[in-house]
Amino acid sequence: MIDANNVVQQITKGQLFDFAGGVHPPQQKSLSNTTPINTIAEPERLYIPVKQHIGVQGSIRVCIGQNVSKGEPLTTSGNPFAVPVHASTSGMVVEITEHPSAHPSGLPETTIIIEPDGHAQWQLMPVITDYFSEDKVTLLERICQAGISGLGGAGFPTHIKTNPQKPVECLIINGIECEPYISSDDRIMREHAWQIKQGINILRHIINPKQIIIAVEDNKPEAMDAIKTACIDDTSITIANVPTKYPAGGERQLIQVLTGEEVPHDGLPIDIGCLMYNVGTCYAIADAVLHGKALVQRVVTLTGQALKAPQNVWALLGTPIHHLLTVGDYDPQRQRSQKVIMGGPMMGFTVHNDLVPVVKITNCLLVPDREELPDIQDERPCIRCGLCADACPAGLLPQQLFWHSKAKEYDKAQAYNLDACIECGACAYVCPSEIPLVHYYRKAKSDIKHQAAEKEKSEKARERFETRQARLLADKQAREEKHRLAAEARKKAMEQKGGSDAKDKIAAALARAKAKRAAAQTNKDAEE
Amino acid sequence: MTLITALIILGVLALIFGGILGYSAIKFKVDADPLVEQIDAILPQTQCGQCGYPGCKPYAEAIANGDEINKCPPGGEATIKQLADLMGVEPKPLDGDHGVEDIKKVAYIREAECIGCTKCIQACPVDAIIGASKQMHTVIIDECTGCDLCVAPCPVDCIDMLPVKETPKTWQWDLAHSPGEQLGDIPIKQVNS
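Chains as they are written, first to last, in our numbering: chain A, 1 to 528; chain B, 1 to 193.
Among these hints, one or two may not hold up.
Straight line, CA to CA, 20 Å or less: simulated PhoX-like cross-link-like pairs of lysine-lysine [what the hints assert, rightly or not]:
hint, chain 1, residue 1, chain 2, residue 2
1, B, LYS92, A, LYS408
2, A, LYS455, B, LYS105
3, A, LYS455, B, LYS165
4, B, LYS165, A, LYS457
5, B, LYS169, B, LYS105
6, A, LYS449, B, LYS169
7, A, LYS449, B, LYS104
8, B, LYS92, A, LYS457
With beta-carbon atoms standing in for the labels, derived distance ranges [to be verified]:
hint, chain 1, residue 1, chain 2, residue 2, range
9, B, GLU68, A, ARG384, 39 to 47 Å
10, A, ALA493, B, THR138, 42 to 50 Å
11, B, THR138, A, ASP447, 28 to 36 Å
12, B, ILE130, A, TYR410, 30 to 38 Å
13, B, ASP127, A, GLU481, 19 to 27 Å
14, B, PRO168, A, LYS408, 19 to 27 Å
15, A, GLU371, B, GLU68, 57 to 65 Å
16, A, THR129, B, PRO168, 53 to 61 Å
17, A, ALA478, B, GLY11, 50 to 58 Å
18, A, ALA420, B, ASP127, 39 to 47 Å
19, A, PHE132, B, ASP127, 38 to 46 Å
20, B, GLN172, A, ALA478, 43 to 51 Å
21, B, GLU68, A, ALA154, 46 to 54 Å
If you are wondering where the hints come from, they were derived from the structure by calculation, not from laboratory data.
This one's a predicted model, so the numbers in the text were calculated from it and none came from an experiment.
We put the CB at the ideal spot given by N, CA and C, even for glycine.
Next up, chain A with everything else stripped away, as it sits in the complex (with noise of 0.2 Å):
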């Protein structure tokens, strides 16, 4: 457990500890993190994935045809892990049905298809404003019916992280966004830092934390200046100025920049005494408290050379990438194939369908140039150089777990904590063999979580096989208990009603059998 009071003495000293590895590639920010963010036109269809966070989806409570308002809930449920979604404008559900999803496989998912009247009209919820005299659960409950789920990336539910069930030291808002490219949560921290501010004391009010510190890394100066603007008649919050190196806005690798503490691989940030939140997220938590709205846009990065003009938007969830390409004036000539990435190119994963939408979690889209994209060249053998050691940000070691994913050796690799991964991507950066080390744990850690769904499921299905056995043989048993004591009433009846009766009726009908079979062999007899 940390103390958060000494934390906040040591940041305001300018004392920042560091986490072991780390790379730092080019940041490439400034192609879309000088212009303002962008409103931009409604696509002509909105695509929303019924599911868009971590846990369970809600079950769909509208159909086909129906007209649905900007921010009304599209799927429902009472289970505590489910988020909804929210039609992101005023429109027409006009299909309900499998639709390539915003992941690394582009899979197709439930999906919601929305065609938009033009009009926007918003179903606001009634509007809290004095959030001070309202009690936790009805916050909570409206974040969670905003539909919020962390924006920074993992897309966890945000009111179920908002209920620790341990005393929060120090509340941390990450604006560190230490990947190269991206640029969104800067714009946002520029433009909309009042409003951050805003879900930070909503926060402080649900949380009631030791200490706030609000985390921006020293290459987003405009940000850190707009912050510390919103702060500035607010003492209780400290402003860290962290140093640039990725993956510094990794929560425990945040953590342990703030804190000189390491989270226990094992357990949460709350184990310690930390809750992190991102910025856009305390924005969205505004935006639900303090107006009444669902979570139905997030800003978006639109960059890379490939386009004319790289941006920040505000994208609805559920808009297609081939409308924000048209937006950011996407020029195909540019590229050697047509490639987008969504997300960062540390941890991003390149999509191959311009119809798969933004959801929660989507921050960016990369569309780099040939210049930006030289080929990739075949892996080649590890030589053992150990660089990827030093760059691991979780203080594991790659090369171990890269020989034993690719073994399938899992228990091994279990063994070297390959379950402390955060994929951030910096080993394969600083490879020299061109090693995609990341797919080797990517792979290994689904394969794990594979064999061990399967062992569940094998698990289940002895079980049931064995109760199944015991039934049988238990509904045999009281078969052949009940014809014994059936045989026994009978033979007992029979006696009953004069054993003497019973068997000269049977003698009666043998002696009648042998004067047939008598009979009969007479006549064959004679016929002969």
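Fit chain B to the given chain A structure using the hints.
Then chain B, alone, in the frame of chain A:
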């Protein structure tokens, strides 16, 4: 005399040790063969009977008694490898007589065609089919092990074995492709420094 003393001493010793052994045989009795349990834990529990035994547990018992370890098609190479590790033998390729390793499937009943005969319910080793006489039957997909045993008894052939659908949750990175060719590549290396 010495001979008799020796015999008596040895006899007494034999009795004492016999007593101890007899006592411990009762006291520390192992109910089932733990090896069988271990083997059973490795087997995929589809209860399909393709190995020639009526279920996974009987096959586990057979392996413990020296049967081959390569008769389980649903488990495939992975299971054979694990069994080989456990039994301390060399892994063998899957015995083709018992079937081939296939992608994972589950049963679906074409409900419009079901006549409600309950034959498949009786065949299902894990009670994954619900229904009653002259009522439509359906498969509880989450419980179905894909054992195929319900297909043959169906008099109207209304049961299909369909591959389990891949979802973003179950999808895996395919490392067989070289990077840059497939969906979902992480472009780290492609950005010029």
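- prompt: If you check the beta carbons of B/THR138 and A/ASP447, does the distance land in 28 to 36 Å?
  reply: holds (32 Å)
query: Per the hint of 19 to 27 Å, is the separation of the Cβ atoms of B/ASP127 and A/GLU481 within bounds?
result: holds (23 Å)
- request: Would you mind confirming whether the straight-line C-alpha gap from A/LYS449 to B/LYS104 stays at or under 20 Å?
  value: holds (16 Å)
- request: Just tell me: holds or violated, for the beta carbon distance of A/PHE132 and B/ASP127 against 38 to 46 Å?
  value: Since the Cβ atoms of A/PHE132 and B/ASP127 sit about 56 Å apart, the hinted range of 38 to 46 Å is violated.
Range hint 50 to 58 Å (beta carbons of A/ALA478 and B/GLY11) holds or violated: At 53 Å between Cβs, range holds.
- request: Take the C-alpha atoms of B/LYS92 and A/LYS408, compute the straight-line distance between them, and say whether it is at most 20 Å.
  value: Status holds; Cα separation ~18 Å.
task: Indicate whether the distance between the beta carbons of B/GLN172 and A/ALA478 respects the range 43 to 51 Å.
output: Distance hint for B/GLN172, A/ALA478 holds at roughly 48 Å.
field: Satisfaction of hint between A/LYS457 and B/LYS165, Cα-Cα up to 20 Å
entry: holds (16 Å)
query: Range hint 46 to 54 Å: satisfied by the CB atoms of B/GLU68 and A/ALA154?
result: holds (47 Å)
field: Range hint compliance [Cβ, A/THR129 to B/PRO168, 53 to 61 Å]
entry: violated (40 Å)
- prompt: Does the Cβ-Cβ separation between B/GLU68 and A/ARG384 fall within 39 to 47 Å?
  reply: holds (41 Å)
query: At the C-beta level, are B/ILE130 and A/TYR410 separated by a distance inside 30 to 38 Å?
result: With a Cβ separation near 36 Å, B/ILE130 and A/TYR410 satisfy 30 to 38 Å, so the hint holds.
The structure is inconsistent with the numbered hints 8, 16 and 19, although it conforms to all the rest.
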